[in-house]
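Q: If you're matching them up, the sequences are chains A and B in order.
Under our numbering, think of the first position of the first sequence as 1, with each following residue one higher.
Under our numbering, think of the first position of the second sequence as 1, with each following residue one higher.
Hints listed in this document are in silico derivations from the structure and should not be mistaken for laboratory results.
Even glycine gets a Cβ: it sits at the ideal position worked out from N, Cα and C.
Keep in mind that the hints are not guaranteed to be accurate.
Residues on chain B that point at chain A, a partial pick, calculated with CB under 7 angstroms [claimed, not checked]:
(1) Ala11
(2) Arg38
(3) Pro111
(4) Ser113
(5) Gly278
Here is what each chain is made of, one letter per residue.
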Amino acid sequence: MSNHAIETKDLGRIYKIRGNKKEKRIRKELIALQDVNLTVERGELFGLLGPNGAGKTTLIKILTTLLAPTSGWARVASHDVIQHPSLVRPLINMVSGGESSGYGLLTVRENLWMFSQFYGMPSKEANQRIVDLLKMVGLEDRLHTKSSDLSTGLRQKMNIVRGFLTDPEVLFLDEPTLGLDVGAARDVRRLIRGWVDANKSRTLLLTTHYMVEAEELCDRVAIINKGRVLACDTPANLKRNLQRDAIFEIETSPLNGLTSQMLQDQPEVRKAALSDIEGGARLELILQEESALASVINILTQKEVKVRRLSKREPTLEDVFMDLVGQKMEDVEKEEAPHAD
Amino acid sequence: MQTDKALAFHASEKATGWRLFLKTIAARAYPRVIGQQREKSWIFFDIFLPMLAVSAYVFVYRAIGAPEEYVGFVVVGGAMTSFWMNVLWSMSSQLYWEKEQGNLALYIIAPNSMMAILLGMAVGGLFATALRAVAIILVGSLMFNVTYSVASFTQLLLVFLLAMTALYGMGMMSASLFLLLSREAWHISNLAQEPVYLVSGFYFPIKSFNFWLAAAASFIPLTLGLDAMRQLVFPSGALLGFLSVKVEIIVLIVLCVLFLTGARFLLDYMEKLAIREGRLTESRR
Ligand SMILES: Nc1ncnc2c1ncn2[C@@H]1O[C@H](COP(=O)(O)OP(=O)(O)O)[C@@H](O)[C@H]1O
Ligand SMILES: [Mg+2]
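Take these sequences, add in the hints, and give me the full structure.
A: Following this line, the structure appears as structure tokens:
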């Protein structure tokens, strides 16, 4: 049998949505995941990158035995998650960003101890390990603080310690830095990297909609949008395809009705994204040839848009996403927002 | 470096099977055994407020010249009310609350059994509530001069334990049922609270009902438990009893088996259903 940490085959999930009172009979279906084929090796720090609503949490729920797929199969630590959840569960753990698990009346130590018991850890070992891990994340003085008194950042550190505590073979982190300030997010990332590096038989899968997080932290990244995996590779390889292209960022005066379509209609302009900034706009362009810049400037001049700043830069995962989807990730999220209830 | 050492840790062998089962019960009972006594406000809400209700009934009974035994009935009934409240609010609607909190998902993905989680909740709730019930009995008995004459301590203990097992078994069963209801769980608990006060005879003997209503009320394990306990602790209790203590014990045993196996069966079924329908996590997603 294969020895991958995670393996999925044509994995899909359709949610049935019950209509509201008026249209009870109408049952809508929502395709949250479709034909997902992924393989994660042991020792990898693997990232799922995608906008809100892409299906990341749905995939994590399936892999952690919380949700049944409607098609395909998935194995975690070589066991099928649907046929043998009881073989998978002792080997995994999961932490979600912004979760409020545990009991507010208990202290940090007591909450962590409680969860360690559900995995059958010897009490003494658990308590020792809780102290070690809390020291490491700088929370040792909060050992006896009620968990309801922790700030969001400290709380998330406690949650991540809960994930490490039982020494899982595969750890799942769903948006681990959601809502954290810059400093706390950096601490959490360092912790995540450290845990994977400390032991090569451990595997960690995290989801994120922060480009930088995927780019700096993960060994490999799968880009997911509307339930489909569009690309999966190391951040460097994902960007390599764009390396031949020229990526420009232009800051201009207000756009006077210029649309991204008008720019994309130009030959050799692969993708164009526009966004408003104070007193003007920002254009991000992926050009097949640098020479295409001339035609872009031409259009800008026709529309009487002034160029204030122009710079060429190396491709980022943001550009990779734009190249694959045709939109910037934040624009996808803005579009999704009105539909989510 | 300290960091690396803490992270490189390898867990030693973990408990499985029945040892994991027992550890899970103890760990889930812990927040209720220790945590719930931390905020001292419980003394007001869980002892002082029920005492008000008990006092009101006592004054009414004395005013209308009811037999003095009724006072003792009311005090014992008031204490037992705590268990009913606990089962309604901290068992039945609990899994729904745990789901919204995000705990339920963590309980499911851990290797423990959900039955152990429910048992832990029950054991912890039983302990915390027993503290409150004992306090109510002590305060009530002193305040209203209640005298007890216990016919048989063994039978009394047996009846209490059976009634509690059946009652919390019922709580465990409804916990799994409530799992699939969302907000309605609260409304149902609310609806169940008052009528049950009335029909289970917390504040008067159910013998005053006609037979069939009393029999129907006996489905709530507290009803017969309370009836049998009163027969065993008050001299004239047997006269006011619904059925004989022996029969009531047998019915309680049947209820225990019924509710506990029901809980087990429903829990398995609900877990599978919830995994299929994607209902194990908080509704805000
Ligand atoms: N339990 C559910 N019932 C119905 N639709 C759901 C449910 N959970 C998620 N969805 C929908 O499925 C899609 C994917 O959601 P999710 O997996 O949470 O995405 P992500 O984690 O990437 O933001 C979204 O459109 C979401 O609204
Ligand atoms: Mg999500």
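Q: If a hint holds in the structure, say so; if it doesn't, say that too.
A: Here is how each hint holds up against the structure:
1. Ala11: holds (4 angstroms)
2. Arg38: Since chain A brings a Cβ to about 6 angstroms from B/Arg38, closer than 7 angstroms, the hint holds.
3. Pro111: Hint on B/Pro111: holds, closest Cβ of chain A at ~4 angstroms, below 7 angstroms.
4. Ser113: violated (9 angstroms)
5. Gly278: holds (5 angstroms)
In summary, the one numbered hint that this structure violates is 4.
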